[in-house]
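Asker: Take the given structure of chain A and dock chain B to it, following the hints.
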Amino acid sequence: MTGFTCPVPIATTDSVLLGHGSGGRLSAELLRDIFLPAFANPLLARLEDQAVLEFAGARLAFTTDSFVVKPLFFRGGDIGSLAVHGTVNDLAMGGARPLALSAAFILEEGFTMADLRRIADSMARAAERAGVSIVTGDTKVVERDCGDGVYINTTGIGVVAEGVNLSAAHARPGDAVILSGAIGDHGAAILTEREGLELEGAIQSDSAPLNGLVDAIFAVTREVRAMRDPTRGGLASTLNEIAAQSRVGITLTEQAIPVHEGVRGACEVLGLDPLYVANEGKLVAIVPAEWAEEIVCAMRRHPLGAEAAVIGTVTARDPGLVTMRSAFGTTRIVDMLAGDQLPRIC
Amino acid sequence: MKYLDEYRDAGIAHALAARVRQRVTRPWVLMEICGGQTHTIMRYGLPDLLPPEIELVHGPGCPVCVAPLEIVDRAIEIAGRPGVIFVSYGDMLRVPGSRSDLFRVKAAGGDVRIAYSPMEALKIARQNPERQVVFFGIGFETTAPANAMAVWQAKREGLANFSMLVSHVLVPPAIRLILASPSNRVQGFIAPGHVCSVMGFREYEALSAEFRVPMVVGGFEPVDLLESVAMLVDQLEDGRAELENQYSRSVTRAGSATAHRMMEEVFEVTDRQWRGIGPIAASGYRLRNAYAAFDAERVFGAGDICVEEPPECIAALVMQGLKKPLDCPAFGTRCTPDRPLGAPMVSSEGACAAYYAYRRHTGGGEAA
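The listed protein sequences correspond, in order, to chains A and B. Our numbering applies: residue 148 is where the first sequence begins, and numbers increase by one. Our numbering applies: residue 370 is where the second sequence begins, and numbers increase by one.
Note that these hints are calculated values from the structure, not bench results. Some hints could be false.
DSS-like cross-link-like pairs, simulated, lysine-lysine; straight-line CA separation at most 27 Å [claimed, not checked]: (1) K492/B <-> K524/B; (2) K524/B <-> K287/A; (3) K217/A <-> K287/A; (4) K217/A <-> K524/B; (5) K475/B <-> K492/B.
In isolation and in its complexed conformation, chain A is listed as follows:
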């Protein structure tokens, strides 16, 4: 026998899999193979959560996001508040103050007006909380069974603060990694609701607008290297993206990463790792080490940053890899997932 004769690997897919929407490696392949070659331009090539356009002396941040979530209403939010927060946060992670949002709805025939009104009201409240207006929009209706009730797209535009220059490619060895609070709340809230799990102390989604917390950080310094909100794919995927784009290693301290008791329990039951579970109101900031303590203090004074902590450091070792030091003093890799996290069989 020559070489390896194990099962032949299956070639890259010829159709879209659910995993292509997971934020993991399959999503990255979709960008690399389809969209980046088709739309090639320097603004897109930066691969940030928002494009920054220079116009008439100002720097404008521009971003868009679509929301497909089941169930539409969950503890701590709904698809409407999520759609507003998601886009506000993508602007905020670019250091931008949100100016205005658009909202586009794809509605399924038969969706109730009561639910639609509830979603619209929730969006209005979320926008008010974030200090932004929804100034334009669109509505389309698809036939029954061709949608999940409602899909929402929001687009946002904002002004990047003076002196701020954020990019996932800017992390440098020696920098500190700051996390604004406990991970996994949103994903765990959605999953327990979907699986009908009744757990002690119901888990609430953390869905929230992060622009106020970002203002608190900038009040300390604008010398922040990178900010990201670890949504789908969770903290692990976000840090892997930063490590890859900055060509640095990131070392985390397991005990420093807060995870709420209920989320730990739910993840234990569902066979999931909270590091890969989605957040909708948390941010990761990469900052020069000398600013870390002051920034954490400022964040803790903000209601959305009460559990902020330094969770790790940027290193020159193992570029592109995220590793984690356990309570046992051992280290392991925190990898990017291929697709969605799958529960293990036993």
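Answerer: Showing chain B alone in chain A's frame:
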């Protein structure tokens, strides 16, 4: 978390590792059988805590990894048929068959659903009387009672649209294969705690006595595994070869009588093909004739799909503890979790996948 944190306590873990360091006088090769245990060992970096004399090798205890290619192909064939709802545990969906996987069947329009229990599949069958609902009944003795229960329940209710594609495998015949091999290196076993919760540990007592090899029934948390290692090292250094039970909070000698009755009612022992290893006599379960109407292979006539399993690759050596994943030249290059070449890279419980996920960095112990 109550009842769990004490088994993840760093102080206790370090004390156990120190106990092993003090006791050990020479090299020992130990094998954990279950993929869940492999996962914990890698995730917590336990080899780095233990003295260099202790070599941990990883057994064939990942049910997803050892599911033979042809059963995956049968699943794919059935799941692609119009009108079928195919229900499976999550991590079977990504397992490549010879040409496709269940995720691709789903993308191509197949109704493939993830469940945490076969009872969910029964519920789907009740709700969709006009559709055929098939559950992918794989796993070791751990999942067998629930799968047996689902089939028994379906028969009792007269559910005509429910069936199960069964590919159950049993742990003791695999241990016997390893111990009987002339090239065996394993000197002590951590027996699979979950399997023993169901089965008890009489079979393991017999294996331990027959082959004069120490065995400890171990749990799944890092402290469980370190204590199991310490107990095995004590036995080896004392020259004893017994069965001991570390996982006594969950495992009794007799196991669960209810589960045994249910499995006995529904399943019978059969020969099974193990992916990466080959055929092992009397190493699995199939449905008894009385339950033929619920056997998806018979219902769909898919039993004749046979795939030439490629001749043994290094996976067989890895799963018998003769090689480490890092000894494989394809590891991490031609073979990754996205594009697995072999069985142990397929599931997160597979030894190669666990090494890939946790141990390929500098300072990663053996993986360096």
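Asker: Compare the structure with each hint and give your call.
Answerer: Results of checking the hints against the structure:
1. K492/B <-> K524/B: holds (14 Å)
2. K524/B <-> K287/A: violated (48 Å)
3. K217/A <-> K287/A: holds (20 Å)
4. K217/A <-> K524/B: At roughly 34 Å apart (the allowed maximum being 27 Å), K524/B and K217/A break the hint.
5. K475/B <-> K492/B: With a Cα-Cα distance of about 20 Å, the restraint between K475/B and K492/B holds, given a limit of 27 Å.
Hint compliance for this structure: hints 2, 4 are broken, all remaining hints hold.
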